[in-house]
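Chain residues, written in single-letter form:
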Amino acid sequence: MASQTRRHVLPGFKLSLGFTWAYVGLLVLIPLSSLFLKTFSLTWPQFWETVTAPRALAAYRLSFGASFAAALANVVFGLLVAWVLVRYRFPGRSFVESLVDLPFALPTAVAGLTLTTLFSSKGWYGQHLEALGFKVAYSSVGVAVALTFIGLPFVVRTVQPVLEDIDADVEEAAATLGATPTQTFMRVLFPAILPALLSGFTLAFARALGEYGSVVFISGNMPLRTEIVPLLIVTKLEQYDYAGATAIAVVMLVASFLLLLIVNVLQRWSHRRLEARPGA
Amino acid sequence: MRTRSWLFPLILVAFVGCSKAGGEGSASGAVTLLNVSYDPTRELYVDLNAAFSRHWEATHQQKVTIKQSHGGSGKQARAVIDGLDADVVTLALAYDVDMLHDKASLIPEGWQKRLANNSAPYTSTIVFVVRKGNPKGIRDWDDLVRDGVAVITPNPKTSGGARWNYLAAWGHALRKPGGTEQSARAFVESLFRHVPVLDSGARGATTTFAERGLGDVLIAWENEAFLLTDEVGKERFEIVVPSTSIVAEPPVTVVDRNVDKRGTRAVAEAYLQFLYSEEGQRLVAKHHYRPRSEAVARKEGARFPKLTLFTIDEVFGGWRKAQSAHFDDGGVFDSIYVPQAR
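Protein sequence lines, in the order shown, are assigned to chains A and B.
Residues 2 to 281, numbered by the numbering used here, are exactly what the first sequence covers, in order.
Residues 3 to 344, numbered by the numbering used here, are exactly what the second sequence covers, in order.
Everything labelled a hint here was simulated from the structure, so no lab data went into it.
Just so you know, nobody snuck in bad clues.
Under the rule of at most 25 Å between Cα atoms (straight-line distance), these lysine to any residue pairs were calculated in the SDA-like manner:
id, chain 1, residue 1, chain 2, residue 2
1, A, Lys136, B, Glu213
2, B, Lys105, A, Trp45
3, A, Lys136, B, Val197
4, B, Lys77, A, Val252
If you want the ones that stay clear, here's a sample from chain A, every Cβ over 10 Å from chain B, calculated:
id, residue
5, Ile31
6, Ser95
7, Leu259
Small disclaimer: the values here were computed from a predicted structure and weren't measured.
We put the CB at the ideal spot given by N, CA and C, even for glycine.
With the rest of the complex left out, here is chain A (with noise of 0.2 Å):
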């Protein structure tokens, strides 16, 4: 292994390693593993009863169940969005482009604040949606809107990029041996952007998670109903409960960790069935 370093074209493997894990341990790994210390000044059945709390349980239902319908919206739409972007070329085009990365850029707090106004009984949606029985602001549908908006730009960065390197050739050569345009795509194109949108669904899954400043304007906050998982950690630090706080974000950090794994063991699947396909 150590000559196979050695022979790379760039110097500075050994300092630029030294500098990764020093970097990686003060930024994620010392914050993380007091995340863990603090919670041990709880003892055992505290952290149990913290942790599966009626409330907390709630929330975590609501957290996780509005997470993955957002992902899931982000997948499907996000998809869309990225192949008219990298298949058509429009007025506006690089209007919309930039649009997209609006989420990243615009504080969480601001989106909020907007999609309440926008979704809120007397809002331009709201009314017309509650006039039809749909109720969005104060309701998990809320919460969910508001992750799929901050997630967009998730799907759409990590399967444009896939979309641009499969050549147009493909989809001709496809089409001579005689394929439908279903066929085509859920045979030829499909695979080859499916490891690429599982990231996708995975970073706009873990981005939702963690997501506070635009799901608590929108939510309603209300107690085993509408509360999400951060804002109960917030709770928590507002009665000066930094052990049970932790407790619940370790919980958290735990299921996002096991989830990330799952997602990148799907991924890495997929990419070797992929590769092991004859002719791919």
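Fit chain B to the given chain A structure using the hints.
Chain B in isolation, oriented as in the chain A frame:
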């Protein structure tokens, strides 16, 4: 490549050096104080700080600059506990200041006795804001739980200000003729069943009520109610003063460990004393807080309507008791929501 390994520590040292050099010393003649306060006091302290600087320079020939920091009361207290160098704190409730003693020993146990009036130089109370013309005919607390009335108040678990709202409602029901712990609990429970949205902070609740048009009545601090009616929309809202309410006492104190470390105790103490002075009290009244000074209060009497007021010490035995009975995990507020879980 090895020769460059000094680079990283050097950068690190440079960073640390810079942040050290940025700290302020009080020996240079000019003094800087940091006042860590809660959200809606920004404009009040802009005025008070300017007045105090003039006063201090005139009496001590020393320039004093007061920096302000605002945020949710609990969040601000946590920042001070975690090391924010506040010389004085001016927070929304005594419980948050208590924690400076409990969690970090920054101040002594009996801090609230150090200044007059429970260390609260100004007070406020909890009132209602309704839409112009008061379409639902809301006059008092009991009207809030009538059918079809939607009440806006922030979440007492996340907002210090909202805890005063909650305690005002509880105290009203408890002090009614025939009121008991059970009837008070039942009242507050049905009150929160009329709350469609629990915003995380007081300003958020105000926005929900005023801008989004949600709810029929907003439970608010009197000073916030004045801001909303006088400065945002006199033609849109009006204030309804209930028959009884609680005295909201936002307390102030010097942070002993910090002022002793920075050598700013004298100025910091004079600054808090200034809040009680004639001039300080007038500014307090100007910003819609009820002054403690009888003389100033008499002059402002028309603006601050009379109502039966009770204190948290009388009814709840102080903040610590109120906090643990009502707002801590497993307290009354939690149990209000548990039975109606889906």
